[in-house]
Amino acid sequence: MEGGSATFNIMPMSGGCGALVSGLKLSEPMGQEQKGLLEKAWLEHQVLFFRDQPLTPEQHVNFAKNFGELQGPGYMPTLDDYPNVYVQEYPDLFKGIVSDVDWHIDASFLEKPLKGAVLYAIDVPESGGDTTWVNLYQAYESLSESMKVLCSNLTAVHDNFHKNLLSVIETYGSKGYEVARKATPPMEHPLVCTHPQTGKKCLFYSELMVSHFKELSTSEGQYLRSFLLEHIKKPELACRFKWENNSVAFWDNRCTAHRGIFDFGDDRRLMHRVAIQGEAKPS
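Reading the sequence shown from the start, the letters are residues 1 to 283 in our numbering.
Please note that the accuracy of each hint is not assured.
What follows is a set of in silico ranges between Cβ atoms, one per label pair, in the way DEER data are often shown [unchecked claim]: (1) 51 - 265: 22 to 28 Å; (2) 52 - 240: 15 to 21 Å; (3) 31 - 179: 39 to 45 Å; (4) 20 - 194: 36 to 42 Å; (5) 153 - 44: 26 to 32 Å; (6) 31 - 211: 40 to 46 Å.
Just so you know, these hints were derived from the structure itself, not from any lab.
Note that CB positions come from ideal geometry on N, CA and C, so glycine has one too.
Work out the full structure: start from the sequences and follow the hints.
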């Protein structure tokens, strides 16, 4: 692909999703043509990966800004001079409540979940600590017709504290929990959503965040959640990325779920993440 004065190549990484981009420096400003070509590839492959991309926080922020407004600070650590840059550091700063290992869609508990995110590896273990993404288009498309009908008529309740309530209280106390609970109440989204740019249907399911389904009883919801977890875990839907220092992943949060694999013990794993604000409520 050719964009602006630069040429970059795209190599699909799996049958599920994901592509490796080469020949592009994320530290440099992008022209409109180049940005358009990269966004087209992003929408097609859902996750784009880049190697050997040393970035300053400012360059990281500037790259993400090409694709929308940025997420502001929340309860996770950020850089003092760059409040849009979230710090993910193991094992020191990032324990307990934020050590998410379940499949999830970032901030799906918001009225307008994040559009996307750019994750940058600064210091990662030599082995372990991979991240896996799953294609939620294929997750929907591979359901039986009867299951598609069922899921299309369900409302999932996304709760930020569904699985980490005790950790939140232990870390921040009851008052801290009350503040966070008020800021992020449970949010309802259709289980099957239409992507606002591609027009394709996807299974908007976050194992970490979905506490129940509005139309189902507790036991029915538990059965469905178990089924959906096994369904989205299918390897043919996924792409797994081996991190190296100065690697970057840029994913579409509206049609993928992901999980980190915490198999690196007490080794240091330092990442910076810049997220792009959601533009619409899922529908």
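Evaluation of the provided hints:
Range check, residue 51 to residue 265: about 25 Å between beta-carbon atoms, so the 22 to 28 Å window is met. One distance hint, 15 to 21 Å for the beta-carbon pair residue 52 and residue 240, holds here, with the actual separation near 20 Å. The hinted window of 39 to 45 Å between residue 31 and residue 179 holds, with their beta carbons roughly 43 Å apart. Distance hint check: the CB atoms of residue 20 and residue 194 are about 28 Å apart, inconsistent with the given range 36 to 42 Å.
In this structure the hint that residue 153 and residue 44 lie 26 to 32 Å apart at CB holds, the actual value being about 29 Å. Range check, residue 31 to residue 211: Cβ separation about 45 Å, and the 40 to 46 Å hint holds.
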